[in-house]
Structure formats: C-alpha cells, structure tokens
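K.L.:
These are the residues of each chain, in order.
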Amino acid sequence: MTSLFAKFDGTASALGALVQAGGRNPFAVVIEKPLSSTVGIIEGRETLLFGTNNYLGLSQSERAIKAAQDAVAKYGVGTTGSRIANGTQSLHRQLEKRIADYFNRRDAMVFSTGYQANLGMISTLVGKDDYLILDADSHASIYDGSRLSPAQVIRFRHNDADDLYKRLKRLDGTPGAKLVVVEGIYSMTGNVAPVAEMAAIKRETGSYLLVDEAHSFGVMGEKGLGVAEAAGVEADVDFVVGTFSKSLGTVGGYCVSDHPELEFVRLNCRPYMFTASLPPEVIAATMAALEDMQAHPELRTQLMDNAARLHAGFHKIGLNASRQVSPVIAVTLEEMGQAIVMWNRLLELGVYVNLSVPPATPDHRPLLRCSVMATHTAAQIDQAIEIFRQAGLDAGVLSTATA
Amino acid sequence: MSETVESVSALIIQKLLENPKVPRDIDGNCKIMEDLAFDSLAVMNFVMEVEDTLDVSVPLDKLADIRTINDLAACIVALKNKG
Ligand SMILES: Cc1ncc(COP(=O)(O)O)c(C=O)c1O
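As you go down the protein sequences, you meet chains A and B in turn. Throughout, the working numbering is defined as the position within the first sequence, counted from one, plus 5. Throughout, the working numbering is defined as the position within the second sequence, counted from one, plus 13.
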C-alpha cells in the first residue's frame, strides 16, 4: 500500500536536520505569555519580540481591549454564519463603512482573514479569458488566489516595472481584462513596490491594479493608507486589499474599491461566502484600533524612527540587511547552517525573530526576518542590535574584526 | 519566425546547460523537476528566462501540464503560433 504520507518525507528530513542543528523547532515557538507588545515569555524567559508584525503595538491597545470586552458582553462571542446569510451584524457594516471612509472609497468588504481577502478577490475578479499579472515574489495568498481562479496567470520580475510593461505589451491585442497584483511592502524582504511606475503602466495599458497593503497599511503614507498614498497614486489603484492582523493588531481582511460592482463580488466570492464572519469582539476591537491609529499619527513617525535605528545598527555591525528602511528588515545569510545557529542563539540571548528558509524566501537564501514596532524603546532596539552582534559572532556570520 | 519544437527544445537545453548544476547529458525527454532536481520556484524562474528569449508568455496554469523539456517546447510553439 502506498503511504499517504510519503510526500512528507522531504519535510520530515529537512525538519529533522533543522532541529538537530539548532536544538529546537523554529516553527513551533510558543509565546507562553505576552507581557506587552514588545516583550513575551518564551521558554520561561523574557524575550524581546522582533518578529510579530504588530507594527503599531495595537494588539495590546487598551481602547481595543475595552471595546472587545464590551462587545462580547453585549453581543456574545460569535456570529455562527456567513456574511451573506446570518453573519452580518450592524458591527460588520459599521466596520466596512469606517474602512471605506478612511480610504475615501465607495465601499469595503470585510473578510475573516487577510489570506481570504486575497484568495477571494483574486479568484473572483478574473475569469477564464482574463489575465492575472503577478509579481514573482507575491505572498502565498496571492498565488493561491491565482490557482483558484480560471484566468491565465503571468509572473513578472519582482518590483521590476519595465518587466511588467514588457509582459503586458506582449498581451496587446489579446482579448480579456488584465489585473496586475502587487504588494505595498513585501512581507519577507521589506522591499517597497515602485507603485507610481506601476500605476503609470496600468494607465497606459488599460489594465486594472490591485495593491495588497498588508504590511504598509498603518505604516506608510500621511494617513497610513499605504504605499499608494505615499506615492500619490491612490486614484490608480482599483482595489486595495489589506489585513487587520498586522498594524491593527487583531484579525481579519478587507478590500476597498470605488467600483460599484463590489456588491456583486460579494455574491460570487467563495472565500467570502462559504465561511463564518468575524465575531463581534474582533470587529469592535478592530474599529477601536483604527481609532487609535487615526488618533495617534505619531505612532507612524515613531515606527519609522525605530526602523531606521535598527536598520542603521545592523549595517554598522556588518550584517547583510535590507537596503531600504522599512519596518520589515530582513538579514540575508548565505547558508542554512549559519542561519540555524544564529536564529537559535538569538532566541537564547533573548530576541525572537522569524527564521525564513527556502523555498519561502525569494532567492534560495535563508533570512532572519525582523519586524519593528512603534512601541519598541530605543534601549530595546540597541539591546537587540547588541544581541545580533553576539549571535552573529557565535554563528560565524560576523568576524570580530568588523563587528 | 517559425520556431519548431526541435529548435525551441534545443534552445531550452542550451539555456539549461548555462547552469553548472544541470547534468551535462540532458535531452528533450528529460523531466524538468525530477531529472533536473528543479523545485517549482526554480521552474517558474527558468521559464521566465525562456519567455524573454523567445518573446512569449507561458501562463502558469499551462506549466502544470508540462513535465519534459519537449513538453515545454511544444507549449511555447503552440503559444507562438496562436499569437
Ligand atoms: C502580503 C500579505 N498578504 C496577506 C497576508 C495575510 O494576512 P492574514 O494574516 O490576515 O491572513 C499576509 C500575512 O500573512 C501578507 O504578508
């Protein structure tokens, strides 16, 4: 009999090697107790959190906590139904209105996760004769949406506007609508999309543009609307997709648009229709977090200052960190052995970051992926840099001469 | 231009051999993932290079049916004749 599980042999041996080399499973870290947005207990020790995507620290927002408590007391803990059946309460429509208003758009759809927002929008918008044009380094939720859609899917080179243009030009004369999909800030590397150039191409070629602002909402732009706002090309973005699970600190996804047909997308979008809606306490907490974000623009300044501090510190000690300053800072290592040792040393010395290994990384090299928060103190950042220096030396990534 | 499956296949093999990790004795019947040990990302990235050389776009859904170098060549020729 063929084993159903033979296909996991590769995973089993890769994981076995990872655990043997480092002493622990990097994908099974348990945060035993969060003490604040920036510190949690891991393996019984107080650990600095530098890998939680909690950019504004709002997972611990007092306003959001209070709002969730009130909503639970008033409405109960769940909706037990789909958005198109019994799962839409006033709160859901209220949140959609607030998100749409904040983006200054006609309407918003709220999904149960950001993953489902991409899955749903991408798979529903393009039909059989249409084309989806994706950045090669797109998030898994974008690739999965493309697989669920009947459209023809074409990749262009990461963040390369000329390559996008060339590939769209190749489609000149072919029938079918074209939807270009990019991310604001790329989740693994922190690279920022050249969205102004892409908007110009979209205009010239008559395509549609969807921007996933998962990591850039609350982070970039005057109001925190993301890269399109920062680049002044919001009007060219047909669909903004995002998540509540990063800068807003809760869970859930959304899409905002000025296209009135969004109303019909709701009735054709399987990841929206065939799943239960978000519970009231999450909706209430998300609205409160959004209020916090609006009331405290200084959080964004603080976040960028912190990102710049960590970025400069990494470069100073000689780490191969991202070129651009953004709240996602990736340290690229040359080989897995070093990455495993360094990641484990970081955790032992008191810093949690994400270990990203190929094939989930763009160029087959492992990454230590860090995310910075507005709530990190300068002292915490300096301590993290010092721990990176020590772990880098211990792992042979840095040499005493340079670090 | 009139590319044939043979000429495109030869071009693909030539491109593959630019990568020192690829076995030297490959032919059109080699399976790209199994025989060349390419993972799905490596296949997508390689196809992008071929696309640029031949000025054609191979939609990702078509890649699912492609196993050998000749399959890829046949797919590209079909796409070019259609356009
Ligand atoms: C670019 C991007 N899009 C979408 C998502 C999905 O968001 P969520 O965690 O809300 O499902 C993520 C995060 O995982 C992401 O990095």
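Hints in this document: simulated from the structure, not taken from any laboratory. Hints are not guaranteed to be accurate.
Stated by the list, open to error - Computed beta-carbon distance windows for the label pairs:
id, chain 1, residue 1, chain 2, residue 2, range
1, B, ASP38, A, ALA33, 56 to 64 angstroms
2, B, ARG80, A, ASP134, 36 to 44 angstroms
3, A, HIS369, B, LYS95, 30 to 38 angstroms
4, B, ASP48, A, ALA33, 32 to 40 angstroms
5, A, PRO39, B, ILE26, 36 to 44 angstroms
6, A, ALA33, B, ILE26, 42 to 50 angstroms
7, A, ALA182, B, LYS28, 28 to 36 angstroms
8, B, LYS28, A, GLU268, 43 to 51 angstroms
9, A, PRO364, B, LYS95, 42 to 50 angstroms
10, B, MET46, A, ARG29, 27 to 35 angstroms
11, B, ASP48, A, GLU51, 26 to 34 angstroms
Stated by the list, open to error - In silico EDC-like links for lysine to aspartate or glutamate, alpha-carbon gap of 16 angstroms or less:
id, chain 1, residue 1, chain 2, residue 2
12, B, LYS95, A, GLU391
13, A, LYS171, B, GLU64
14, A, LYS321, A, ASP241
15, A, LYS12, B, ASP78
16, A, LYS174, B, GLU47
17, A, LYS174, B, ASP65
18, A, LYS12, B, ASP52
19, B, LYS95, A, ASP134
20, B, LYS95, B, GLU47
What the hints assert, rightly or not - Pulled from the structure, derived: some chain A residues nowhere near chain B, Cβ distances all over 10 angstroms:
id, residue
21, ALA17
22, ILE159
23, MET193
24, GLN343
We put the beta carbon where it would ideally sit given N, CA and C, even for glycine.
K.L.:
Next step is simple, just say for each hint if it's right about the structure.
P.N.:
Structure-based check of each hint:
A beta carbon spacing of about 43 angstroms between B/ASP38 and A/ALA33 contradicts the range 56 to 64 angstroms that was offered as a hint. Checking the proposed 36 to 44 angstroms range against B/ARG80 and A/ASP134 shows it is violated: the Cβ atoms sit about 26 angstroms from each other. Distance hint check: the CB atoms of A/HIS369 and B/LYS95 are about 34 angstroms apart, consistent with the given range 30 to 38 angstroms. The supplied range of 32 to 40 angstroms is met by B/ASP48 and A/ALA33, whose beta-carbon atoms lie about 35 angstroms from each other.
For the pair A/PRO39 and B/ILE26, the supplied restraint of 36 to 44 angstroms is violated, since their beta-carbon distance comes to about 55 angstroms. A/ALA33 and B/ILE26 have their C-beta atoms about 43 angstroms apart, which keeps the hinted 42 to 50 angstroms range intact. Taking the beta carbon of each, A/ALA182 and B/LYS28 are about 32 angstroms apart, inside 28 to 36 angstroms as hinted. For B/LYS28 and A/GLU268, the hinted distance range of 43 to 51 angstroms is satisfied, since their beta carbons lie about 48 angstroms from each other.
The hinted window of 42 to 50 angstroms between A/PRO364 and B/LYS95 is violated, with their beta carbons roughly 32 angstroms apart. The supplied range of 27 to 35 angstroms is met by B/MET46 and A/ARG29, whose beta-carbon atoms lie about 32 angstroms from each other. In this structure the hint that B/ASP48 and A/GLU51 lie 26 to 34 angstroms apart at CB is violated, the actual value being about 51 angstroms. Proximity of B/LYS95 to A/GLU391 is assessed by CA-CA distance (about 60 angstroms); at most 16 angstroms being required, the pair is judged violated.
Between A/LYS171 and B/GLU64 the CA atoms are separated by roughly 11 angstroms; this keeps the pair inside 16 angstroms, and the hint holds. With a C-alpha separation of about 39 angstroms, the suggested pair A/LYS321 and A/ASP241 falls outside the 16 angstroms cut-off, and the hint is violated. As the CA atoms of A/LYS12 and B/ASP78 are separated by approximately 20 angstroms, the hinted pair breaks the 16 angstroms bound. Of the supplied pair hints, the one linking A/LYS174 and B/GLU47 is violated, its CA atoms being roughly 34 angstroms apart against a limit of 16 angstroms.
The suggested pairing of A/LYS174 with B/ASP65 holds, with an alpha-carbon distance near 13 angstroms, which does not exceed 16 angstroms. The hinted pair formed by A/LYS12 and B/ASP52 meets the criterion: a straight-line CA distance of about 14 angstroms does not exceed 16 angstroms. Between B/LYS95 and A/ASP134 the alpha-carbon distance is near 14 angstroms, which keeps this suggested pair within the 16 angstroms criterion. For the hint linking B/LYS95 to B/GLU47, the alpha-carbon distance of about 30 angstroms lies beyond 16 angstroms, and the restraint is violated.
Distance check for A/ALA17 against chain B: the nearest CB is about 17 angstroms away, which clears 10 angstroms, and the non-interface claim stands. Residue-level check failed: A/ILE159 sits 5 angstroms from the nearest beta carbon of chain B, not beyond 10 angstroms. Even its closest Cβ contact with chain B, about 13 angstroms, leaves A/MET193 beyond 10 angstroms, as expected for a residue assigned away from the interface. The Cβ of A/GLN343 lies farther than 10 angstroms from every Cβ of chain B, with a closest approach of about 21 angstroms, so its non-interface assignment holds.
Taken one by one, the earlier hints fail for this structure at numbers 1, 2, 5, 9, 11, 12, 14, 15, 16, 20 and 22, listed in ascending order.
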